[in-house]
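K.L.:
Let chain A serve as the given structure and place chains B, C and D on it in line with the hints.
4 protein chains.
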Amino acid sequence: MDDVQNQIDNRGIKIQQTGIKNVFLPLVIFDQQVQAMIKFTVSLTKNFRGTHMSRLMEILTDWTSKPLSMININSILDEAIDKLNTDSAKIHIDFKYFVERDAPVSKKKSLLDLDCFIEGETIEKQRNFILSVAVPLTTLCPCSKEISNFGAHNQRSICRVQLHFDNVDQIISIEELAKLIEMQASSPIYSLLKREDEKFVTEAAYQNPKFVEDILRDVVIAVRKIHNVKYFTVECENFESIHNHNAFAFHEEKIC
Amino acid sequence: MDDVQNQIDNRGIKIQQTGIKNVFLPLVIFDQQVQAMIKFTVSLTKNFRGTHMSRLMEILTDWTSKPLSMININSILDEAIDKLNTDSAKIHIDFKYFVERDAPVSKKKSLLDLDCFIEGETIEKQRNFILSVAVPLTTLCPCSKEISNFGAHNQRSICRVQLHFDNVDQIISIEELAKLIEMQASSPIYSLLKREDEKFVTEAAYQNPKFVEDILRDVVIAVRKIHNVKYFTVECENFESIHNHNAFAFHEEKIC
Amino acid sequence: MDDVQNQIDNRGIKIQQTGIKNVFLPLVIFDQQVQAMIKFTVSLTKNFRGTHMSRLMEILTDWTSKPLSMININSILDEAIDKLNTDSAKIHIDFKYFVERDAPVSKKKSLLDLDCFIEGETIEKQRNFILSVAVPLTTLCPCSKEISNFGAHNQRSICRVQLHFDNVDQIISIEELAKLIEMQASSPIYSLLKREDEKFVTEAAYQNPKFVEDILRDVVIAVRKIHNVKYFTVECENFESIHNHNAFAFHEEKIC
Amino acid sequence: MDDVQNQIDNRGIKIQQTGIKNVFLPLVIFDQQVQAMIKFTVSLTKNFRGTHMSRLMEILTDWTSKPLSMININSILDEAIDKLNTDSAKIHIDFKYFVERDAPVSKKKSLLDLDCFIEGETIEKQRNFILSVAVPLTTLCPCSKEISNFGAHNQRSICRVQLHFDNVDQIISIEELAKLIEMQASSPIYSLLKREDEKFVTEAAYQNPKFVEDILRDVVIAVRKIHNVKYFTVECENFESIHNHNAFAFHEEKIC
Chain A
1 MDDVQNQIDN RGIKIQQTGI KNVFLPLVIF DQQVQAMIKF TVSLTKNFRG
51 THMSRLMEIL TDWTSKPLSM ININSILDEA IDKLNTDSAK IHIDFKYFVE
101 RDAPVSKKKS LLDLDCFIEG ETIEKQRNFI LSVAVPLTTL CPCSKEISNF
151 GAHNQRSICR VQLHFDNVDQ IISIEELAKL IEMQASSPIY SLLKREDEKF
201 VTEAAYQNPK FVEDILRDVV IAVRKIHNVK YFTVECENFE SIHNHNAFAF
251 HEEKIC
Chain B
1 MDDVQNQIDN RGIKIQQTGI KNVFLPLVIF DQQVQAMIKF TVSLTKNFRG
51 THMSRLMEIL TDWTSKPLSM ININSILDEA IDKLNTDSAK IHIDFKYFVE
101 RDAPVSKKKS LLDLDCFIEG ETIEKQRNFI LSVAVPLTTL CPCSKEISNF
151 GAHNQRSICR VQLHFDNVDQ IISIEELAKL IEMQASSPIY SLLKREDEKF
201 VTEAAYQNPK FVEDILRDVV IAVRKIHNVK YFTVECENFE SIHNHNAFAF
251 HEEKIC
Chain C
1 MDDVQNQIDN RGIKIQQTGI KNVFLPLVIF DQQVQAMIKF TVSLTKNFRG
51 THMSRLMEIL TDWTSKPLSM ININSILDEA IDKLNTDSAK IHIDFKYFVE
101 RDAPVSKKKS LLDLDCFIEG ETIEKQRNFI LSVAVPLTTL CPCSKEISNF
151 GAHNQRSICR VQLHFDNVDQ IISIEELAKL IEMQASSPIY SLLKREDEKF
201 VTEAAYQNPK FVEDILRDVV IAVRKIHNVK YFTVECENFE SIHNHNAFAF
251 HEEKIC
Chain D
1 MDDVQNQIDN RGIKIQQTGI KNVFLPLVIF DQQVQAMIKF TVSLTKNFRG
51 THMSRLMEIL TDWTSKPLSM ININSILDEA IDKLNTDSAK IHIDFKYFVE
101 RDAPVSKKKS LLDLDCFIEG ETIEKQRNFI LSVAVPLTTL CPCSKEISNF
151 GAHNQRSICR VQLHFDNVDQ IISIEELAKL IEMQASSPIY SLLKREDEKF
201 VTEAAYQNPK FVEDILRDVV IAVRKIHNVK YFTVECENFE SIHNHNAFAF
251 HEEKIC
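Protein chains in written order, with my numbering: chain A, 1 to 256; chain B, 1 to 256; chain C, 1 to 256; chain D, 1 to 256.
One chain only, chain A, in its complex shape:
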């Protein structure tokens, strides 16, 4: 049977990424079983017409039966580079990760869902890794509090942090990163709050008003202290309770 993908290509264009996208698979990431959505690509030399995408799916399917951690990202990329006979590969894995939280007063336990992704890229032997976590928060508006005789508008917000690393040794855990982010909020968010907890978070948020810019700056300061990071981005988005649009702030920084 003819191998059409292996036909010689004369257009002279090396393709930077080609592969599969929106692949859903059950994976075990950092000891938690997750529903992963995966984008997995390799580069394609200018000489060949197409890549053999089924090999990428074979590699992924193998990982549905064993736990995956940051360190394995390298094996996955190396296997792709080897099997597809190329020099670069990239994988991006989106998943929800659940962390346990105790309500602040009643101490009732519940699970909070965090939208995370890990990404690994190997470009001609150069490694790059990203860990990203998005944490839901409460923000209470300092302006609204200051100018109003009572009350202050507040809302659910999402703060997303992306950390870039050169290598996967000693990378901060999702739990630690999430904790660090939610400490900068007007108040953390919980799935389960009894009445005494609701009183606590309401008052805590009122006593700790923060603009979207305040959260952003406080998270930036906290992230700067994380070990090993070479570059990071922080974005914060408030689902404003008084508008039908969102307030947004973004910052990126290289760490020398």
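If you are wondering where the hints come from, they were derived from the structure by calculation, not from laboratory data. Keep in mind that the hints are not guaranteed to be accurate.
25 angstroms max Cα-Cα, derived DSS-like pairs, lysine-lysine [claimed, not checked]:
hint, chain 1, residue 1, chain 2, residue 2
1, B, Lys254, C, Lys125
2, A, Lys179, A, Lys96
3, C, Lys254, A, Lys66
4, D, Lys194, A, Lys46
5, C, Lys194, C, Lys225
6, B, Lys83, D, Lys107
7, A, Lys14, D, Lys225
8, D, Lys107, D, Lys225
9, C, Lys194, A, Lys66
10, C, Lys179, C, Lys107
11, D, Lys83, B, Lys109
These stretches of chain C come out as covered by chain D in the derived footprint (C-beta under 8 angstroms, 3 or more residues) [to be verified]:
hint, region
12, 6-14
13, 181-194
14, 236-243
Keep in mind the model is a prediction, meaning the values are calculated, not measured. All C-beta atoms, glycine included, are put in the ideal place defined by N, C-alpha and C.
P.N.:
Relative to chain A, chains B, C and D alone:
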């Protein structure tokens, strides 16, 4: 050229709806140009294998060059029934509709976007129409206010109303329906608020705390008074500022 | 601390559903760990102002540590009715379920993801259950094949079936239901196909052309034979390769 | 009334982007009325605590009453920089743009919807503009055609091109760019096709099989010839008819 759709079908199943979905077209609805997403179907007699879907698209394409109101829904359905040689047709049109709002103190004008749909169905000469509007609101939690020494959690909410009619005469306008819904909120929402407005809506919401169930009941009472409605549903969803999930309430009612 | 939810309400409106929505939790459903998105509501008597939503979250959180099957839906609903002191409760759980498939020639194994939901409702002691599975398929257009000298347009399609039951005894499994649906396609879909498999599915689909209406009717015939079903709906949607919109068909049927 | 945003900030962090997101407004872009979704941000000097977001909404609201073209992006950014007293601003506008297409044989006219965005950024007097268009296409698999005795799998694909410019003079129109992209497909896509047209596109696609990598390379070659572009990206995604995931390719290029 063979007409495969017209082949005789022996399975004995009359299909209730067959047609086209996720059709995007620019339409003029209630004098406003909108970006419509359309689902347009007809029934298919048990004798034929398939319907001629391109005829549905021809009918829709004609309406991109002239204004469409509730009354025209009948013509569209009748044309489909006639051209597809059947007895039933249904159209569902989703669109964003913009209404102008004056900020409460500064009177600055801005536009608020409402997610709306109109739906028409003719089943063997029986007509049914739906007008649906979703209005963003502010809700402030009565429990949080009561139990806290200061502050109260509040959030953006969406209240959706669906009104069902037998005929399209004297149907309430989107503007009127939206006004009626937002009057039941802790406070309406605005796209543009200067500082004096923000003070106003913050204090207004604090003085008017409402559960998702309160909004729902107050909207139900308001909707009952609308002329001509034979059945309606109301749903209200709060994007809780203290949780990563939403509070939700739903009610439906037949009007005899 | 005041119980504001328990305040007497004078509006005279019994609310049909009030509760929590867009709750993400890890659950074990039919022996598979899934990422569930849950809507969980109860009715609220006309006498009380609000429901105690944190109790619904407490009930759900308990189920993150033990397996859940259709039979447990009853316990969940009964617990909600009891703890919220009401007469009706409803739960809707969306999740992806993975089934293993062997490629048709190479027999390579891979996982196919199915969008499923289970729903249970108890209204004043009357039980109702829904099992719904959406299966991705290939459809090849009979008209395009017939009128063209070579080739035929084909595309990915999704066929969704909803089965309603009075009780949860002897309910068909997701695997069986998925198999039954995909047997009606021009060809099933696989995550992993080697070259000999791709030849097989291409030729199989070409030899088995089906309109969206054909799939719908064949699935209807198959579903009619499932034990215990009292009502069902089938919908099929083709992501047409020659259009930027979808072809769609829908059918519902009561089984006496 | 206190201006809390104007408070002195001591954290020493200049914020790169702060502003509003998910703003929906009706705009007239390139002479077509569109439903725009807008993200509009400015930088914030390290000395101030927050930006005055309502001023961004005021600027946008003004543009709902007059046509907007690429050249006006500069005025919008300059106005933001001026009114917010900063040195950098950025605007991103997503919208659907409709282009008319004649069916290939019957010449029936219909509208095709394209997902577009324009983006403008001014960073300390340095201008950057992006025009992006996503065009739906048909792709037919060369491997499937080659190895199969009859038929070949094909599917809807989306090809997205982003063009970056230093200035807005002589920028290619959306219509031209869309034409240029769809000429590289196995066949263009149409909203309305009569039987003779369906025969035409089916046979055309079969005679013109292309991998996702083929489309990508052919679009890259075409885009290189566009006047004035300093950098571009192309991505192509096939909604594979034989898989439940997508095939994907990406390329970026700097033009010196």
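K.L.:
Report holds or violated for chain D covering the region 236-243 of chain C, Cβ cut-off 8 angstroms, minimum 3 residues.
P.N.:
holds (count 5)
K.L.:
Hint check: Lys179 of chain C vs Lys107 of chain C, CA-CA at most 25 angstroms. Holds or violated?
P.N.:
Cα-Cα ~17 angstroms, so holds.
K.L.:
Quick one, are Lys83 of chain B and Lys107 of chain D close enough, alpha carbons at most 25 angstroms?
P.N.:
20 angstroms, holds
K.L.:
For the pair supplied as a hint, Lys194 of chain C and Lys225 of chain C, is the alpha-carbon distance within the 25 angstroms limit?
P.N.:
35 angstroms, violated
K.L.:
Take the C-alpha atoms of Lys194 of chain D and Lys46 of chain A, compute the straight-line distance between them, and say whether it is at most 25 angstroms.
P.N.:
40 angstroms, violated
K.L.:
Examine the region 181-194 of chain C for residues whose CB is less than 8 angstroms from any CB of chain D, and state whether their number is three or more.
P.N.:
Coverage by chain D holds for the region 181-194 of chain C (5 residues, Cβ < 8 angstroms).
K.L.:
Do three or more residues from the region 6-14 of chain C put their C-beta atoms closer than 8 angstroms to C-beta atoms of chain D?
P.N.:
violated (count 0)
K.L.:
Assess, step by step, whether the Cα of Lys14 of chain A is no farther than 25 angstroms from the Cα of Lys225 of chain D, and give holds or violated.
P.N.:
This hinted pair holds, its Cα atoms lying about 18 angstroms apart.
K.L.:
Take a quick look at whether Lys83 of chain D and Lys109 of chain B sit within 25 angstroms of each other, Cα to Cα.
P.N.:
19 angstroms, holds
K.L.:
Hey, Lys254 of chain C versus Lys66 of chain A, does the alpha-carbon distance stay inside 25 angstroms?
P.N.:
45 angstroms, violated
K.L.:
For the pair supplied as a hint, Lys107 of chain D and Lys225 of chain D, is the alpha-carbon distance within the 25 angstroms limit?
P.N.:
30 angstroms, violated
K.L.:
Does the alpha-carbon distance linking Lys194 of chain C and Lys66 of chain A stay inside the 25 angstroms limit?
P.N.:
23 angstroms, holds
Of the numbered hints listed earlier, those contradicted by the structure are 3, 4, 5, 8, 12.
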